[in-house]
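**Student:** Under the numbering used here, think of the first position of the sequence shown as 4, with each following residue one higher.
Possibly wrong hints are sitting among the right ones.
[Stated by the list, open to error] With a cut-off of at most 30 angstroms between alpha-carbon atoms, the simulated DSSO-like pairs for lysine-lysine come out as follows: (1) 45 x 17; (2) 63 x 17; (3) 66 x 45; (4) 53 x 66.
Because the hints were derived from the structure by calculation, they are not lab data.
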Amino acid sequence: MRDNLNVHFVLALKLMLCWVMRGLLCNCRAISMATESMNRLKRANSLSQKALAVIERLLKLFKAGLRQTISRVS
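Can you build the whole structure from these sequences, using the hints too?
**Tutor:** Here you go:
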């Protein structure tokens, strides 16, 4: 059951990041919400290590992309 929830959480996070990339959500706010949720789940040990690694990687990639976008605009 726990692994099934992990899969659904990772898929939901991927979908949210896709929406953010398309500009449907405020980028900075969405990143902070996703990071906050991930940290809360880490503390509660609610996710497997594999799911946490995937989420952390997604957030790092997205933050790097956001930095590039901001530097191009500036």
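**Student:** Next, verify each hint and record whether it holds.
**Tutor:** Hint check results:
Under the criterion of a C-alpha separation no larger than 30 angstroms, the hint pairing residue 45 with residue 17 is consistent with the structure, at around 18 angstroms. Between the alpha carbons of residue 63 and residue 17 the distance comes to roughly 13 angstroms, so the proposed pair stays at or under 30 angstroms and holds. Proximity of residue 66 to residue 45 is assessed by CA-CA distance (about 19 angstroms); at most 30 angstroms being required, the pair is judged to hold. Of the supplied pair hints, the one linking residue 53 and residue 66 holds, its CA atoms being roughly 20 angstroms apart against a limit of 30 angstroms.
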